[in-house]
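Peer 1: Here are the chains, one letter per residue:
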Amino acid sequence: MNVAERLSPIDLLDPDGRAVRLGSMWSERPVVLVFIRHFG
Amino acid sequence: MRGDVPTFRELGGELCAVGSGQPMHARDFIEQYGLDFPLLVDPDLVAYAAAGLRRGLGSTLNPRVLGSVWRAMRAGHRQEKTKGDPWQQGGAFVISPDNRVWLEQVSRTAGDHVDPVRLVDALRAASGHG
Chain W
3 MNVAERLSPI DLLDPDGRAV RLGSMWSERP VVLVFIRHFG
Chain R
258 MRGDVPTFRE LGGELCAVGS GQPMHARDFI EQYGLDFPLL VDPDLVAYAA
308 AGLRRGLGST LNPRVLGSVW RAMRAGHRQE KTKGDPWQQG GAFVISPDNR
358 VWLEQVSRTA GDHVDPVRLV DALRAASGHG
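Taken in sequence, the protein lines are chains W and R.
All letters in the first sequence, in the order written, are residues 3 to 42 by the working numbering.
All letters in the second sequence, in the order written, are residues 258 to 387 by the working numbering.
Since the hints were made in silico from the structure, they are not lab data.
It cannot be assumed that every hint is accurate.
Pair by pair, the computed Cβ-Cβ distance ranges are [unchecked claim]:
| hint | chain 1 | residue 1 | chain 2 | residue 2 | range |
| --- | --- | --- | --- | --- | --- |
| 1 | W | Glu-30 | R | Gln-289 | 25 to 31 Å |
| 2 | R | Glu-288 | W | Glu-7 | 32 to 38 Å |
| 3 | R | Glu-288 | W | Met-3 | 22 to 28 Å |
| 4 | R | Thr-264 | W | Arg-8 | 24 to 30 Å |
| 5 | R | Gln-289 | W | Pro-11 | 29 to 35 Å |
| 6 | R | Gly-333 | W | Glu-30 | 38 to 44 Å |
| 7 | R | Ala-332 | W | Arg-23 | 36 to 42 Å |
| 8 | R | Ala-332 | W | Asp-16 | 23 to 29 Å |
| 9 | R | Gly-385 | W | Ser-26 | 19 to 25 Å |
| 10 | R | Gly-333 | W | Ser-29 | 38 to 44 Å |
| 11 | W | Asn-4 | R | Pro-343 | 25 to 31 Å |
| 12 | R | Glu-267 | W | Ser-29 | 17 to 23 Å |
| 13 | R | Tyr-290 | W | Asp-13 | 42 to 48 Å |
Example chain R residues on the side facing chain W (calculated, C-beta under 8 Å, incomplete) [said to hold, decoys possible]:
| hint | residue |
| --- | --- |
| 14 | Val-275 |
| 15 | Pro-280 |
| 16 | Gly-291 |
| 17 | Pro-295 |
| 18 | Tyr-305 |
| 19 | Gly-313 |
| 20 | Ala-332 |
| 21 | Gly-333 |
| 22 | Gly-347 |
| 23 | Thr-366 |
Covered, in the sense of this in silico footprint (three residues per stretch, anywhere, with C-beta under 8 Å from a C-beta of chain R), are these stretches of chain W [claimed, not checked]:
| hint | segment |
| --- | --- |
| 24 | 6-18 |
| 25 | 31-38 |
Yeah, the Cβ is synthetic: ideal placement off N, Cα and C, and Gly gets one too.
Please put together the full structure from these sequences, using the hints given.
Peer 2: Given below as structure tokens:
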């Protein structure tokens, strides 16, 4: 299982607190997925 | 990297950022920087762990990082209060709809950022423009 397959089913939160399936970010187009260290 | 968003979109892709912390931190971040791409938060660092990203004191505080901090402070930059996990390192990936990974970069230390040119090249390949 590669990193995309591990990440795809994970639910994260959008800025309004709604759950978003991470894999939906690249289900229709390629994505540059960046993990930032922290905000601010 | 924000400046590369138009290029990413020209290539048929999108930028998505994930941060540690809470949704309110993401809202503040979007407002502060006027972001127009998806920004998600991972309060429990589940995705960070699944991505194999580093976390800990050693990767956050080391001579190389402290040198960068010193140069930034001399240039007048100040670190504001951290919102999120201060020990968590970042990373970057380029992924296509078939779950193929075209680029995988795990930051070794704070300040170890991926070259945007590499992101563009990987996205071009992922979009079939390569």
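Peer 1: Determine for every hint whether it applies to the structure shown.
Peer 2: How the hints compare with the structure:
Roughly 29 Å separates the CB atoms of W:Glu-30 and R:Gln-289, a value that falls within the hinted 25 to 31 Å. For the pair R:Glu-288 and W:Glu-7, the supplied restraint of 32 to 38 Å holds, since their beta-carbon distance comes to about 34 Å. Range check, R:Glu-288 to W:Met-3: Cβ separation about 37 Å, and the 22 to 28 Å hint is violated. One distance hint, 24 to 30 Å for the beta-carbon pair R:Thr-264 and W:Arg-8, holds here, with the actual separation near 28 Å.
At roughly 31 Å, the beta carbons of R:Gln-289 and W:Pro-11 sit within the given window of 29 to 35 Å. R:Gly-333 and W:Glu-30 have their C-beta atoms about 43 Å apart, which keeps the hinted 38 to 44 Å range intact. Taking the beta carbon of each, R:Ala-332 and W:Arg-23 are about 41 Å apart, inside 36 to 42 Å as hinted. Checking the proposed 23 to 29 Å range against R:Ala-332 and W:Asp-16 shows it is violated: the Cβ atoms sit about 34 Å from each other.
At roughly 21 Å, the beta-carbon separation of R:Gly-385 and W:Ser-26 lies within the given 19 to 25 Å, and the hint holds. In this structure, R:Gly-333 and W:Ser-29 meet the distance hint of 38 to 44 Å, their C-beta atoms being roughly 43 Å apart. A C-beta distance of roughly 29 Å is found between W:Asn-4 and R:Pro-343, which places it inside the suggested range of 25 to 31 Å. One distance hint, 17 to 23 Å for the beta-carbon pair R:Glu-267 and W:Ser-29, holds here, with the actual separation near 20 Å.
Taking 42 to 48 Å as the suggested C-beta distance range, the pair R:Tyr-290 and W:Asp-13 does not conform, at roughly 25 Å. Checking R:Val-275 against chain W by beta carbon gives a least distance of about 5 Å; that is within 8 Å, so the hint holds. Nearest Cβ of chain W to the Cβ of R:Pro-280: about 4 Å, under the 8 Å cut. The hint holds. The restraint placing R:Gly-291 at the interface with chain W is violated, with a minimum CB-CB distance near 14 Å, outside the 8 Å limit.
Checking R:Pro-295 against chain W by beta carbon gives a least distance of about 6 Å; that is within 8 Å, so the hint holds. At a threshold of 8 Å, the smallest CB-CB gap from R:Tyr-305 to chain W is about 6 Å, leaving the interface hint in force. Of the supplied interface hints, the one on R:Gly-313 is violated, with its beta-carbon coming no nearer than about 13 Å to a beta-carbon of chain W, more than 8 Å. Interface hint at R:Ala-332: violated, since its Cβ lies 18 Å from the closest Cβ of chain W, which is beyond the 8 Å cut-off.
Because the closest C-beta pair between R:Gly-333 and chain W is about 17 Å apart, greater than 8 Å, the hint is violated. Hint status for R:Gly-347 relative to chain W: holds, with the closest Cβ pair at about 5 Å, below 8 Å. Interface hint status for R:Thr-366: violated, as the beta-carbon distance to the closest one in chain W is roughly 10 Å, over 8 Å. Interface restraint, the segment 6-18 of chain W with chain R: holds (11 residues with C-beta to C-beta distance below 8 Å; minimum three).
Under a criterion of three residues with beta carbons nearer than 8 Å to beta carbons of chain R, the stated coverage of the segment 31-38 of chain W is upheld, 8 such residues being counted.
In this structure, the hints that do not hold are numbers 3, 8, 13, 16, 19, 20, 21 and 23, in rising order.
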